[in-house]
Amino acid sequence: MRMNKKELKDILVGVSFLTPNICGFLAFTLIPLLISLYMAFTNWNLETHNMFKDNPVTFVGLENFRQLLSEKDFYKYLGNTLFFMMRIPIGIAGSLIAAILLSSNFRGGNKRIWLTSVATIMLIVGCGAMVLGGMGATAMTILICGLFGVVIVSGSLGGQTVYRTLFYFPHFTAGVATFILWKKLYSPDTGPINYALTPLLNTIAPGLAAIPHSGAVVTAAGMTLLIVGICLYGVYRNTALWRDGESGIISLLIGSVFLSLPLIYMAPWTPFQTLRHLAFVPPALAWVMVAVRLGKGRRHPSNPDEGLADAVIICGAVMAGCFILLGLSRVVYGLPEMAADGLEPPKWIADYHWAKPSLMIMGFWAAIGSNNMLLYLAGLSGVSQELYEAADIDGASGLQRFWHVTWPQLANITFFILIMGIIHGLQGGFEMARTMTEGGPFHATTTLSYYIYTEGFATGRLGYASAVSWALFALTLSITLFNWKFGNRYTND
Amino acid sequence: MKLLFLSILAALVLVSVYIRVSQPEQQTERPILLWQSDPNPQRYDQIDLFHAWLIKHGHVDERGRAVVELQLDSANTQSKLIQAVSGVGGDLIDAPILAFQPMGVLTDLTDVARERGFGLEQTYPGLKDVLTVDEKLYGYPCNVNVVGLWCNVETFKTYGLEAPPEVWSPEIFERIGRAFTARANEGKPRQDVFFCENPSGGWMGERWIATMYRSRGLDDFNETLTRCILNDARYVEVLQYLYKWTFEDHLFPSAAEASSMSAEAGYGGESLPNLQNGKYGMVIIGRWCLIRLRQSPEPPVLSLSRFPMWDFENMVIGARSATLYAGSAHPQYAELFFSFLADEEYNAYIVKGADGLPPNPKYAFGNPEFERPAAYPNEGDTSAVELNWARSIALAEPYSPYYKSGGANWKKYGIDMLMNDKGSAAEAAEEIENRINAAIEQTLKTNPGLRPRYEEDLALQEKIDAYKAEGRKLPAAWIKNPFYLSYYRTKGMLED
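Just so you know, the protein sequences line up as chains X and B, in that order. Just so we're aligned, residue 1 is where the first sequence starts under this note's numbering, counting upward by one. Just so we're aligned, residue 494 is where the second sequence starts under this note's numbering, counting upward by one.
Isolated chain B (complex conformation) (with noise of 0.2 Å):
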């Protein structure tokens, strides 16, 4: 017994050593840089990328090989944070900034962004509020996305319809839709396609919904961020316009349906089959379905719209944004890995490959190859389409310092509350409004930190709500929210 004992003791010395000797900083002498992102196969090329790039600018050791080894670490986002708080986060960290950076956990990367040449300029305007807490930089795009409504133009021409408007009201959506669905499901014992996946499920569906309401002046957070003010008659509006396209005129699938449709899904999401076979006219998604989209045998003609909107025209933009973690033990290696991300190489083989729009815009903008691809005709202008929203009208999510979003879903909650009927539109409002409030009160109570900032932010929002009922001009420095800042200085509402 001690015999085997004594072997079992020594064979598992024996694997530890070999475990630990095939461990990848042992199996090469150069430092190496882990960066945790999603699994994309695209991320094996731009590693590849990234390192020939080093090469190329002369970041090489002795040996002429890139200075630095970059390996991807797959991880979601609830690993990550662990990982980081715990002190053995990725040295680079493709990670929501605003959730992050309270923790501690990024670099400032203002300075350093200066030097290198990738800070807020070498990408978009909306981005600002995406990648910056206080005016500095946490981050850097790796790649772009503002989700809008892509079309198979050949589905609605088989029902006798032309593609969608790029721009359109929700009634014109609603009209549109209607015919659509009554056309495709004709003599048909059950509908079993629709004019468009609902957008009451992930956080792309959230996006249309905030851009809804957004369009008649309204947003989760009022002008200092203090407060959800969401149990409003615009939301309430919203909500019932949601309701009524799902279970009245049936644009949408329920949640049942959609359930029922669910197709194995593949790098780009479940809808996309769907899409492609005819069961959906539309769906939400942003500018990375072609990687698989181009995939298929005989891809869909494409065209692509905005969601439906009153008259503030906007969407919303974000971002996969690099970040340097702040325990990092190579940070003076990881920083070229922004540099890279602003650079040609890696901005033309987004533009190629089709993840997203790339981060640096002027690689994008009047390039044909991005615009309107020669080998992909089926696409159209849909590229050039999102670029633009992108430059133009795009705002970065609802957020604010005080509510940590990171645990339920509130506005998901309502939602939910709506649909399967346990309350109605101005109930589920209320009680949106009512959580998240609560949850605002929870995070200054948790960290009273952030008490004396939130009282000032108070009373300054005292004195815009006087302002605002006296009809007086309001002073921009004043307004925290970027969508009112945004908002009121296209209605002409902010002091010159």
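The following block holds chain X by itself, in its conformation from the complex (with noise of 0.2 Å):
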């Protein structure tokens, strides 16, 4: 088929609008790209190989990777990585309850701006009045809680606007300036956090000393039965939805497995280490249930492999909350003697224990408003009200309206922003490594990026850097390969 003149020169054009954004891919992406590829599989090294130096770059085939795999540094990073990770699932969730009420009006009428306002006043004033007292820090606690209230007034003051404005700010200020921001904040004797936290810790710690033994072992014994609880109502839940064919065996195993860990784990972490030998029952009952409702059968037949993401991400963050109780529940029963002595703040990113959570605590406060946010929010606004209406009209509970009608129908959006949340994650890490801790301390806050960073730019071994990076790669196009079969792509799935 011949052109003629006219399509031609739009094709030019067309073309011409596109070079330069092309020639920016190549030379910028693409090509570095193919170049890393290539030096993944070589021993280039900085010192042995520049222009000054006449070494061949040699091939050194999976040598870089055989090496990767061999370091148990390179676990200890993945293991950071994968730790920080642990934000997303509880960022979602989080961004998710914003949009959720950042979609209900919260304008207030005008008695009730009036009385906000005069309490807020009243507040800033009060706590004025206390620092000139000496009492800066009672005041500070104050304020910050007050800080709250005045959240709040102004929500209600400016409606939605202002709560959509004030949950986005994290999103566009500056990562650095924000990590700067927090690190301050984190400072462990001058602190804000620590500011407010130490009068309230010296107000709650001789209550908490007085507390008898025997109550803090009673609510440890309370947290555990609770993990106990949740673990095997897991587990029934798992087999139920296997039973009705809404989930495949697959599914049914691995979310058993997930729910049996911290059962399986409470033996060596639990504070009762005198009935440590009876720690086999929970996960060993869990594992009856799947087996005898194996032997039942089941009422609907499905693939083995449906429901797969439903199950990773709901028994994980169940995983995840129970390993988070089986702490609480040691700390719970340690806790008068404890506070025997007077309880401390966390000394956060200067501590070992803390860095990492100090660090996930930011990553989370900056995940709720984020542009998953707004997602959720464009996602909220475009579901039908007809379907609300139909789950009002069958009796739906709100509990219900939300598990039946918005979470089938937000599929799409969660879906997306879980792929995205993965890739990032798996990427991120370097800038908070760089500029809060430098992966420290004990290298408890070097994730893989700041490795390949490390590796590749101060030790030189830019081979090995590159086999990081690609390495990297593999594990992040594995789990969206795994999100992309097995995830809720589709609205109603």
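No lab work stands behind these hints, which were simulated from the structure alone. Yeah, the Cβ is synthetic: ideal placement off N, Cα and C, and Gly gets one too. Hints should not be assumed to be uniformly reliable.
[Stated by the list, open to error] Chain B side only, calculated, beta carbon under 8 Å to chain X, not exhaustive: (1) 498; (2) 597; (3) 753; (4) 975.
[As the list claims (entries may be wrong)] Footprint (simulated), chain B over chain X, 3 or more residues, beta carbon under 8 Å: (5) 43 to 53; (6) 189 to 199; (7) 331 to 343; (8) 433 to 442.
[What the hints assert, rightly or not] Here are the simulated DSBU-like pairs of lysine-lysine, each with C-alpha atoms no more than 30 Å apart in a straight line: (9) 966/B to 938/B; (10) 915/B to 356/X; (11) 183/X to 772/B; (12) 681/B to 76/X; (13) 53/X to 629/B; (14) 183/X to 549/B; (15) 855/B to 549/B; (16) 961/B to 973/B; (17) 984/B to 6/X; (18) 495/B to 5/X; (19) 984/B to 184/X; (20) 184/X to 737/B; (21) 72/X to 915/B; (22) 938/B to 72/X; (23) 76/X to 915/B.
Fit chain to chain and form the complex, with the hints in mind.
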């Protein structure tokens, strides 16, 4: 087919529009990407291979990857990266809750505005007076608590717009500035967080110290039983879903493994070490339930991987929650003893054990008000009101409305957010580590991206650093493909 | 749309042409030397001084102007390294020679130095192992430092204590430190005054720690620099002191406390405000701290002490060294810069400006403006003390050509392990030694060209170990580690 002159001209114009972008993509993305793929299979090292050295770069096959997989630090940094990724489901939940809240109308009436304004002014004046009276620490605590009130007041004054702006604020603040701000907030002795926590801890410490040991034991035991209850109920729900054909055999088994893990780890971690020989009972019970259900058979058949993504996400989140609860039960068990000498606030990023959670909290804060929230807001506005009306007619409760209408309607958005979150999570952590902790203390916050940077540009092992990058890419790709295959990509899936 | 597109294209072309025309090399017909250094305001004075020096010494063009124009190109070490290996480094690079030289990016200056008079004879003896590799000279210092403990005398007086002595053992250090800390924090709910800045942080603290174990006759590497030997009772003892002084005696703030104390830093680091406001009795720093302290309306009265140590007297000398990039387009002009650094004008500027010790000690030694500046009586003889260390006991930092220290700092890693209660001092020492030795193996694997020399050195080490076991004196030529050369010489352990 011959093109006429006008068509040819149009194509040339189109190509000329595209040329700058294509050139940029080739020069700064595609070609470097291909070079880095080549580098991953070579011994390219800045010390021996640069324009002032004659040594040829040699092909070393999979040697860099072999070395990578045999290096224990790689697994430590991978573990750190995955740890930071635990904020993704929490962040998704947070942004969804924020979006749902921000979809409601908060505007208050004139009288309410007047009252809240007066209350705010009184709060500020009161705190100022306390500072002048030498009660700075207490004033700080009250002020921070009061700030939440101010936020609410502002919301009721400006309605959704103010809330939405406030929630989105972290996203358009430059990353490094945010990190420096959080570094100051986390300052152990002079940071506002500990400044607020210290009087609080000082106040509650005597009370906690006065708790009889039996009280702590009962509470910790209650928390332990709660973990057992949650996990066993989770397994029961899993088996019920399998029975009803809503999940496949793979989903059932993987979900049950996730839910068994906290029960298994209770043996070494539980504060009730004298009863550890009974710790096999709950996980055994869980698997007996699975076996019984499998023995009885199912009502409706389904594919083996049906509902796999849901099983991974929900059971994974429950597992994370149970582990947190397990840790808390240990804390509660020893609390009266700890409180006897007074309670110290955490040292945050200066402490090996707190450094990772500190950065995760910060990431969580940033994730709630991010683009995810905007996507959910957009998604919520697109959910048909007829579905809610139908649910109301069927007598659905608020939770049921959410679970059977809102959540399925947002499946495509959740899928997109999850994929992007995982990609960013695996690639991320560099700026935080570089700005706040330099990967420390004791490499507690060194992520794979920070490792790639130090290996490539500080040690000069470009071949090895490229291999780490491609290993990271392979990991990202496999998780994405897993999500692609098993995730709920479509609304009403 | 097409018109809009063409307009944007035309605008972009115009901007590109403007940017090209406004490039520095387009602004002058003289050759330009790029000096990659830190963005210290004093660099600009030094550039002006260099231009004046060129004119004074007849290096001028036909219009009587300096024959070359020096321009500052500020960059950090990693940027310098990446630019250098990529062929776009500055003509003159302030660089750690021992890290850059193996990359082949630096020019051998040995012959030029002899011709132009800026060699090792024109600087401090301890810098030989900082400026040379295999007896070849690759740079000359812009300034020199021997960091020590700078003390705010008034803070000590406030608590009824004398300024600490210049020389002290760890035991005396601990005794004075405990007295200081107790008095300074008496009756306070939370300790907010510390005897000294914590050395378990940056590079200056590392020098303190090295000084301590070196004073017991231990270095990071063995005599032939082939293995790390820090898994040793002497190093463990130093780590135990560090832990004790931090968490038991509270002479130093812990990392958490230090982060709470951090004041916003200007030139000279964040510890200086804490020295001035009495939060620290002493800080770890070099003479360059005077730049900032002199700007203060009420500069503190100062004294200078060595790091606490046992019997073998030593300190660590370092330098910000200028090097000549192997890819420089104007090496003949760049060489002039080194002559300038060794000459009177530049050294006088460093003496007066207090940007460390001057590279050529002859302009400082016996110079009252340096040793006891009349304008700054509060400084006492601190500059003279640091100069004296540099000329007498200061040695280069621990170094091995088989260990590339650019990546993870394994010594800091081990100390973090100890300070975060993730292991004992002995476990930390073992971890550090294992990690560094693994890194040495990695270097040899990456750079097989080093292997033959390494094998020779290993064989030599076996001989040295055998001699030591027999209690025999060692031939000096066998000792590659400058610390052990000095230590054995002092202890009479070398053959005559």
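Now the hints, each set against the structure:
1. With a least beta-carbon distance of about 6 Å to chain X, the hint placing residue 498/B at the interface is held under the 8 Å criterion.
2. Checking residue 597/B against chain X: minimum C-beta separation of about 4 Å stays under 8 Å; hint holds.
3. At its closest, the beta carbon of residue 753/B sits 3 Å from a beta carbon of chain X; the interface hint therefore holds under the 8 Å criterion.
4. The criterion of a C-beta within 8 Å of any C-beta in chain X is not met by residue 975/B, whose closest approach is roughly 22 Å, and the hint is violated.
5. Requiring three or more residues with a Cβ within less than 8 Å of a Cβ of chain B, the coverage given for the segment 43 to 53 of chain X holds, as 9 such residues are present.
6. Taking a C-beta to C-beta cut-off of 8 Å, the segment 189 to 199 of chain X contributes 3 residues in contact with chain B, enough for the three needed, and the coverage statement holds.
7. Remark: the segment 331 to 343 of chain X is not confirmed as covered by chain B, as 0 of its residues place a Cβ nearer than 8 Å to a Cβ of that chain, below the required three.
8. Check on the segment 433 to 442 of chain X: 3 of its residues sit with their Cβ under 8 Å from a Cβ of chain B, so the three-residue criterion for coverage holds.
9. At most 30 Å may separate the alpha-carbon atoms for a hinted pair to count; residue 966/B and residue 938/B exceed this at roughly 34 Å.
10. Proximity of residue 915/B to residue 356/X is assessed by CA-CA distance (about 15 Å); at most 30 Å being required, the pair is judged to hold.
11. This hinted pair checks out: residue 183/X and residue 772/B have alpha carbons roughly 21 Å apart, not beyond 30 Å.
12. A C-alpha spacing of about 41 Å is found between residue 681/B and residue 76/X, which places the hinted pair above 30 Å, so the restraint is violated.
13. Restraint check: the Cα-Cα separation between residue 53/X and residue 629/B comes to about 18 Å, which is no more than 30 Å; the hinted pair holds.
14. Of the supplied pair hints, the one linking residue 183/X and residue 549/B is violated, its CA atoms being roughly 51 Å apart against a limit of 30 Å.
15. Note on residue 855/B and residue 549/B: the hinted pairing holds, with a Cα-Cα distance of about 21 Å set against a maximum of 30 Å.
16. The straight-line distance between the Cα atoms of residue 961/B and residue 973/B is roughly 16 Å, inside the 30 Å bound, and the hint therefore holds.
17. A hinted pair counts as satisfied when its Cα atoms are at most 30 Å apart, and residue 984/B with residue 6/X does not qualify at roughly 93 Å.
18. For the hint linking residue 495/B to residue 5/X, the alpha-carbon distance of about 17 Å falls within 30 Å, and the restraint holds.
19. For the suggested pair residue 984/B and residue 184/X, the alpha carbons sit about 50 Å apart, so the restraint of at most 30 Å is broken.
20. Taking the CA atoms of residue 184/X and residue 737/B, the gap is near 28 Å; set against the 30 Å cutoff, the hint holds.
21. For the hint linking residue 72/X to residue 915/B, the alpha-carbon distance of about 17 Å falls within 30 Å, and the restraint holds.
22. Taking the CA atoms of residue 938/B and residue 72/X, the gap is near 18 Å; set against the 30 Å cutoff, the hint holds.
23. Proximity of residue 76/X to residue 915/B is assessed by CA-CA distance (about 15 Å); at most 30 Å being required, the pair is judged to hold.
In this structure, the hints that do not hold are numbers 4, 7, 9, 12, 14, 17, 19, in rising order.
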